[in-house]
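Chains A and B, in that order, are what the protein sequence lines are. Heads up: take any position in the first sequence, counting from 1, add 335, and you land on the numbering used here. Heads up: take any position in the second sequence, counting from 1, add 5, and you land on the numbering used here.
In short, the hints are calculated from the structure, not lab data. Keep in mind the model is a prediction, meaning the values are calculated, not measured. Check each hint, because a few of them may be wrong.
The calculated label-pair distances, taken between Cβ atoms and stated as ranges, are [said to hold, decoys possible]:
| hint | chain 1 | residue 1 | chain 2 | residue 2 | range |
| --- | --- | --- | --- | --- | --- |
| 1 | B | Ala592 | A | Asp393 | 46 to 52 Å |
| 2 | B | Leu596 | A | Glu341 | 43 to 49 Å |
| 3 | B | Val601 | A | Glu341 | 44 to 50 Å |
| 4 | A | Asp393 | B | Leu589 | 47 to 53 Å |
| 5 | A | Ala356 | B | Leu598 | 29 to 35 Å |
| 6 | A | Asp429 | B | Leu629 | 32 to 38 Å |
| 7 | A | Gly390 | B | Val627 | 22 to 28 Å |
| 8 | A | Asp393 | B | Leu596 | 40 to 46 Å |
| 9 | B | Val601 | A | Ala356 | 25 to 31 Å |
| 10 | B | Val601 | A | Asp393 | 42 to 48 Å |
| 11 | A | Arg362 | B | Leu598 | 27 to 33 Å |
C-beta atoms are modelled at their ideal positions from N, C-alpha and C, and glycine is treated no differently.
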Amino acid sequence: MTVPAEHALVLAAILFSIGLAGVLARRNIIFMLMSIEIMLNSAGLAFIAAGYKNGQADGQVMFIFILAMAAAEVAVGLSLALRVYGSFKSLDADAASSMRG
Amino acid sequence: MYELLWLVPAIPFAGFLVLAVLGRGLSEKAVATIGAGSVGLSAALTIYLGSLYLSNPPADGVFTQTLWQWIYAGGLNASIALRLDALSLLMVFVITGIGFLIHLYSTAYMSGDESFSRFFAYMNLFTGSMLVLVLSDNLLFLYLGWEGVGLCSYLLIGFWYKEPYNGYAARKAFIVTRIGDTLFAIGLLVLFTGLGTIEIQELMIRASSEWAGSSLPVLAAALLLGGALGKSAQLPLQTWLPDAMAGPTPVSALIHAATMVTAGVYLIARTHALFELAPAVMVLVAAIGAATLLLGSLSALVQKDIKRVLAYSTISQIGYMFLALGVGAWHAAMFHFMTHAFFKALLFLGAGAVILAMHHEQDMFKMGGLRKEMPFVFWTFLAGAASLSALPFVTAGYYSKDLVLSLVWPSPFGGGVLWACGLAGAFLTALYTFRMVFLTFFGESQRGIGPKPGIAITLPLLVLAILSIAGGFVETPGFLGGVDLFASFLSSVFAREVFQLETSGVIFAGVAAPLAGIAAAWLLYSRREALRGFVQKPLAAAVSSLWFSGWGFDRVYDFLIVRPFLALTAVLKGEPIDSPVNWLAKASEGLNLLLVKTQTGKVRLYAAGITIGAVLALSAAVLL
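Bound conformation, chain A alone (with noise of 0.2 Å):
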C-alpha cells in the first residue's frame, strides 16, 4: 500500500511544531541543538513527500542539502555549546546573554 503524501506533510507538520516548541522550551543548549535537528529532519521530510507527489526527484536532491547543512550546523553548533560551557560553567542558553543591548 502507498502512503498519501498529505500524511508525510501533516506528519512534518507535526515534527516541525514539536521541534519549534524544543527550541522555544528548552534552556539546555544540547537539547535545542537536538530540536533544531528535529525541524531540520521535518523539513527535508516535507521536501521528500513534495517530491514524491509530483513524481520529481528535486525533493530528495534538496534533503541531500539539508542534510549536509545540518552536519555542518552540528559541528559548528557543538563546538559553540563546548566554548559555553568553557565560559560559563553551565549550558543554560539564557546565561550567555552578555551579548544584550
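Position chain B against the provided structure of chain A, taking the given hints into account.
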C-alpha cells in the same frame, strides 16, 4: 634711479619679518637697530627719491612701477603697482621721516619692556602697510594697506594686553573703524562695477567723462567718505580715538596722530576728482569737518588725562583737514596734514617724556612745575603747543590753519558760517593747548621726577620742534611774502586754487583768535580756584561732564547699537533656528534606545520573535 621705489615699503616689511621670526632671540640693541634702522633706511631712500624728484622730475610728475600682476579675472586687473607723484611723495616723506624719529624715540621709551621685539615688529609692519596705502596705484592694493594699518593699530593699542581695558580699547578701535572700512569696500565695488577699473587715475578720468551729471558719483563719494570718517575718527565714528590712547605713547604719536588717522584725508585728496563731481558730498565733508573740530576741541577743554587732550585735539585738527577738503582746498588740507604731523607727533613724544618722568602718571592735575625740572622737554613741548595753537607768524601751525581758513569763506562749498566755526575752533585750540601747558609745566611740582631723558628722546623732540616752527615757511599768505613752494609742489596733482580771501579783517581775526585763546588760558589758569567753584554749579557741571565723556556718543551707541546687539546674541546663543533639526536627531536617538531594549541576548526570545513573525506573515499570506 626711480626703480628703487619698491624698496621704500619693502625694507620695513623685511624688518618686520626678521623681527617676527628671530625677534625673541635677539638682544634689545639688535632689535632696536633692525627696527629703527629699517625705517631709517626707508627715510634715507625717500630723501634720495625726493631730491631726484625735485631735480629731475619724471614725465607729468608721475612715476609708476608695476612689480607684478596680483589678480587678473574677468575685467578685474589688480597689480602690485606703486605710484610716486607729488602727493604720495609728501605722504611717504612724512611717514618715513617722522616714523624714523618715533622709532628712534621708542628705542628709549620701550627699553626694558618684555615684548620689546614684538613692539618693533608691529611698528615696522605698520610703517610698511602705511607706505603701501599711500604708494598704491589701484584701490584694491590701497585697501590692502588700509586694512594692514587697521590691524597694526589694533595690535598696538592692545600692546599691553594683560590689562583688560587695553584689549577693550583695541577691539573698540578695530570694530568702529571696521564700519568705515566696510563702506569703503562697498564704494570700491560701486566704482569697479560702474567704471570697470580699479586703477585710481583711470577711475578719476572715467568718472569725469562717464559719470558727469549722474547720481552715481554722489553714492561712490559718500561711501568713500564713510571709510575716511572711520579711519580719521570724524563724526560720527570718532569714539574710538580717545580710547586708543591705551597704547604706548610712541604708538599714539605715529599711528593716532601723524599718519594712520590722516589716511582718510589722503583717500579723499587722492580721489578728489570724484568728490568734485559730487557737490552734495563736498558740503557734507565740510560740515562734518566743522562740527568735528568744534566738538573735539570742546571735549579737549575738560580732559584730565594729557593723552586724551591730545587725542581730542587730533580729532579736532583732522576736522580742519576735512573742512579744507570739503571746500575743495586740497593743498591746504595736505599742508595742514603735514604741519599737524610735525607738531602733534612732537606733542605726543613730549607728553611721553613727561609721562616717563612722572612714573606713568597721565593725570595733568597731578603734574606741574616741570618747567624747571625738564627745561628741554618744556621748550620743545612749548614749540609744539604754539604750533598747535597757531601762534601767529612764527609757527607752522599758523600758516597751515590760516591757509585753510582763508580758503573756506570764498569757496562755493564753504561760507561765512564754516569760517566762523573754524575761527572759534582756533580760539578753543589755543585755550585747551595752553591749559595743558600751564597745568603740566607751571605751578608747583608735586612729586619727584624720574631719570633725565637721553639722546634718543631729545633728538626727535629737537628735530620735530624745528619742523613745527620752520615747516610752515614753505607756504605763506600774500601779505607775508606769498611764498607758495608747497602749492606749486602739489600743482601736478591738484588744480591751483584761486579764491583766496585776504582782507585785513579776516587776517586780523586769524591772528587774534589764537592770541585770545592763549590769553584766556592764562587768565583761567591764574584764577583756577574761582573756576573750580564755577564748575561745581549744576549746569556747568553737567556741561563739563558731557564734554568730558566726548558728548556722550559712547553712551548713545551703547544704548542704540551695542545693547540690542548683545541682547540679540544672547537669544541666538541657544541656536533657536537649529532646534527643529536637533529635535529630529533627538527623536531618532529615542527610537534607538527603544530598539536597544529588544536586544536581550537571550536566544530563545529571538527564536520566539522569529516564530511569531513567521506565523503572522504566513497567516497574512494565507488569509488575505
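Against the structure, the hints:
1. B:Ala592 <-> A:Asp393: 46 to 52 Å: This hint holds: roughly 50 Å between Cβ atoms.
2. B:Leu596 <-> A:Glu341: 43 to 49 Å: holds (46 Å)
3. B:Val601 <-> A:Glu341: 44 to 50 Å: With a Cβ separation near 46 Å, Val601 of chain B and Glu341 of chain A satisfy 44 to 50 Å, so the hint holds.
4. A:Asp393 <-> B:Leu589: 47 to 53 Å: Hint holds: Cβ distance 51 Å, inside 47 to 53 Å.
5. A:Ala356 <-> B:Leu598: 29 to 35 Å: holds (33 Å)
6. A:Asp429 <-> B:Leu629: 32 to 38 Å: For Asp429 of chain A and Leu629 of chain B the Cβ distance comes to about 36 Å; the hint holds.
7. A:Gly390 <-> B:Val627: 22 to 28 Å: holds (26 Å)
8. A:Asp393 <-> B:Leu596: 40 to 46 Å: Given range 40 to 46 Å: holds, Cβ gap about 44 Å.
9. B:Val601 <-> A:Ala356: 25 to 31 Å: About 29 Å separates the Cβ atoms of Val601 of chain B and Ala356 of chain A, which means 25 to 31 Å holds.
10. B:Val601 <-> A:Asp393: 42 to 48 Å: Distance hint for Val601 of chain B, Asp393 of chain A holds at roughly 43 Å.
11. A:Arg362 <-> B:Leu598: 27 to 33 Å: holds (28 Å)
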